[in-house]
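Q: Chains as they are written, first to last, in our numbering: chain Z, 136 to 216; chain A, 136 to 216; chain D, 212 to 359; chain S, 212 to 359.
Honestly, the hints are just simulated from the structure, not real lab data.
As the structure is a computational prediction, the values presented were derived from the model and not from experiment.
We treat Cβ as the ideally placed atom computed from N, Cα and C, and that holds for glycine.
Misleading hints may appear alongside valid ones.
Non-contacting residues of chain D with respect to chain Z, defined by C-beta distances greater than 12 Å in every case (computed) [stated by the list, open to error]:
#1 Ser268
#2 Ser269
#3 Ala272
#4 Asn275
#5 Ala321
#6 Gly335
#7 Gly348
#8 Thr350
#9 His356
Per label pair, the in silico range of CB-to-CB distance [unchecked claim]:
#10 D/Glu263 x Z/Gly204: 18 to 24 Å
#11 D/Gly259 x S/Glu304: 35 to 41 Å
#12 S/Glu304 x D/Ala233: 18 to 24 Å
#13 S/Gly306 x Z/Gly204: 50 to 56 Å
#14 A/Pro182 x S/Ile305: 52 to 58 Å
Straight-line distance between alpha carbons at most 16 Å, and here's what the computed EDC-like set of lysine to aspartate or glutamate pairs gives [unchecked claim]:
#15 D/Lys276 x Z/Glu150
#16 S/Lys276 x A/Asp192
#17 S/Lys235 x D/Glu232
#18 D/Lys276 x Z/Asp155
#19 D/Lys342 x Z/Glu150
#20 S/Lys342 x A/Glu150
#21 S/Lys276 x A/Glu150
#22 D/Lys235 x S/Glu232
#23 A/Lys187 x A/Asp162
#24 A/Lys138 x A/Asp203
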Amino acid sequence: MPKKLTIQYFALLREQRGLDQETVQSDAATAASLYADLAQEHGFTLPTTALKVALNDDFADWQSPLSDGDTVVFIPPVAGG
Amino acid sequence: MPKKLTIQYFALLREQRGLDQETVQSDAATAASLYADLAQEHGFTLPTTALKVALNDDFADWQSPLSDGDTVVFIPPVAGG
Amino acid sequence: MTPPSQPPPSFAISAEPLQPEALKQQLLDGHAGALATFEGWVRNHNEGQAVERLEYSSYPALANKEGQRILAEAFQKFAIDAAIAQHRVGLLEIGGIAVWVGVSAAHRGAAFDACRYIIEEIKGRVPIWKKEYYSDGATDWVNCHQET
Amino acid sequence: MTPPSQPPPSFAISAEPLQPEALKQQLLDGHAGALATFEGWVRNHNEGQAVERLEYSSYPALANKEGQRILAEAFQKFAIDAAIAQHRVGLLEIGGIAVWVGVSAAHRGAAFDACRYIIEEIKGRVPIWKKEYYSDGATDWVNCHQET
Chain Z
136 MPKKLTIQYF ALLREQRGLD QETVQSDAAT AASLYADLAQ EHGFTLPTTA
186 LKVALNDDFA DWQSPLSDGD TVVFIPPVAG G
Chain A
136 MPKKLTIQYF ALLREQRGLD QETVQSDAAT AASLYADLAQ EHGFTLPTTA
186 LKVALNDDFA DWQSPLSDGD TVVFIPPVAG G
Chain D
212 MTPPSQPPPS FAISAEPLQP EALKQQLLDG HAGALATFEG WVRNHNEGQA
262 VERLEYSSYP ALANKEGQRI LAEAFQKFAI DAAIAQHRVG LLEIGGIAVW
312 VGVSAAHRGA AFDACRYIIE EIKGRVPIWK KEYYSDGATD WVNCHQET
Chain S
212 MTPPSQPPPS FAISAEPLQP EALKQQLLDG HAGALATFEG WVRNHNEGQA
262 VERLEYSSYP ALANKEGQRI LAEAFQKFAI DAAIAQHRVG LLEIGGIAVW
312 VGVSAAHRGA AFDACRYIIE EIKGRVPIWK KEYYSDGATD WVNCHQET
């Protein structure tokens, strides 16, 4: 059954996606496969090796299973300071 | 021939000598022997191993020869900051 | 002579200009003898390109959480009395303050070590991004050059 | 993009309260990205004794010369843009600023390293002395306990 997922975009990914946030129906089992689907669809240039991922506002493993209602954020390389 | 030397005192040595500066006639050949003479006369408690010495406003060796007209400063352990 | 109670870790993302003097006052305390601070300013160049201005953005929910964790780690690792870190977001002009970290401690070694730890960890871990605007009109998200 | 001309080393002994904000402004510069500062405050205790106030005194001619040498060494050792150090003399109350060091540099590592180098060398080499006044009326010249 497809899960309903909220995806928030920041920085370069926000520019490449052209929006801040969206809700999608997805069959992706993990954050890694979700990113692969979205990257192909929207032409994201960053590889997963350069990204981190957050589930429900905390860092998570790329292989963590996704659950219906999760908020997912792909985190481009940080550059604070 | 005795040399005329100006001695400036700072910190604990100023307290123990009871004055900021004095001019003395001394036969001491080196700063080390001058300090030994003064320490005996005035009861200075600091050993030369705890002090540094300055001649004419720059750090000097305890064994440097003294010259007529020199200004000598015995420098107690510093404690800035 | 009772040590002051340890203040809570204080990390913040600010859309308003940072106020180093006011932040420093919060670290003043009769107990502390040493204050180490770090300020990061917007530079007028980066890797040879003339930078006109910078835009910082953050993922606020996680940035705040991770910033607080970093400060809590600093209290665990170093004998410090108080620590504050703030990071600016929004458009900054050249010379604007992007980040401020201040740490007070009884002794200077701990203050320096903790201040440096905090800024290094912020730069490495906190989800904040920097977009540079160059004199020639180009822009760039710093650190985002990898290609799939 | 021309690097600014290197300012002269700036060390001073001050009988007036130090002004960190004004000193920091002197270090601002379109070129620098990082500012590390250190402040030493008068603490309310030392080795278990309650300190009421402190008096710093110096040997001015040599203190200034040695302070300038330390700053010149910092410019030799580290890639920094500007550095200022000032040390207070006279009677200070609890919480007063005894010493201030600020270093600006293109990168934070050099700013931290130079700032720490300068304060360590000042404490070890510059002829400045500290007399503590305790709550019980006693006084002490710090570090002067050796006996002949």
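Q: Look at each hint and say if it fits the structure.
A: Outcome of the hint check:
no. : hint                            : result
1   : Ser268                          : violated (6 Å)
2   : Ser269                          : violated (8 Å)
3   : Ala272                          : violated (4 Å)
4   : Asn275                          : violated (10 Å)
5   : Ala321                          : holds (21 Å)
6   : Gly335                          : violated (7 Å)
7   : Gly348                          : holds (16 Å)
8   : Thr350                          : violated (9 Å)
9   : His356                          : violated (9 Å)
10  : D/Glu263 x Z/Gly204: 18 to 24 Å : violated (43 Å)
11  : D/Gly259 x S/Glu304: 35 to 41 Å : violated (50 Å)
12  : S/Glu304 x D/Ala233: 18 to 24 Å : holds (22 Å)
13  : S/Gly306 x Z/Gly204: 50 to 56 Å : holds (53 Å)
14  : A/Pro182 x S/Ile305: 52 to 58 Å : violated (33 Å)
15  : D/Lys276 x Z/Glu150             : violated (25 Å)
16  : S/Lys276 x A/Asp192             : holds (9 Å)
17  : S/Lys235 x D/Glu232             : holds (11 Å)
18  : D/Lys276 x Z/Asp155             : violated (20 Å)
19  : D/Lys342 x Z/Glu150             : holds (11 Å)
20  : S/Lys342 x A/Glu150             : holds (11 Å)
21  : S/Lys276 x A/Glu150             : violated (25 Å)
22  : D/Lys235 x S/Glu232             : holds (11 Å)
23  : A/Lys187 x A/Asp162             : violated (21 Å)
24  : A/Lys138 x A/Asp203             : holds (5 Å)
Hint compliance for this structure: hints 1, 2, 3, 4, 6, 8, 9, 10, 11, 14, 15, 18, 21, 23 are not met, and every other hint is.
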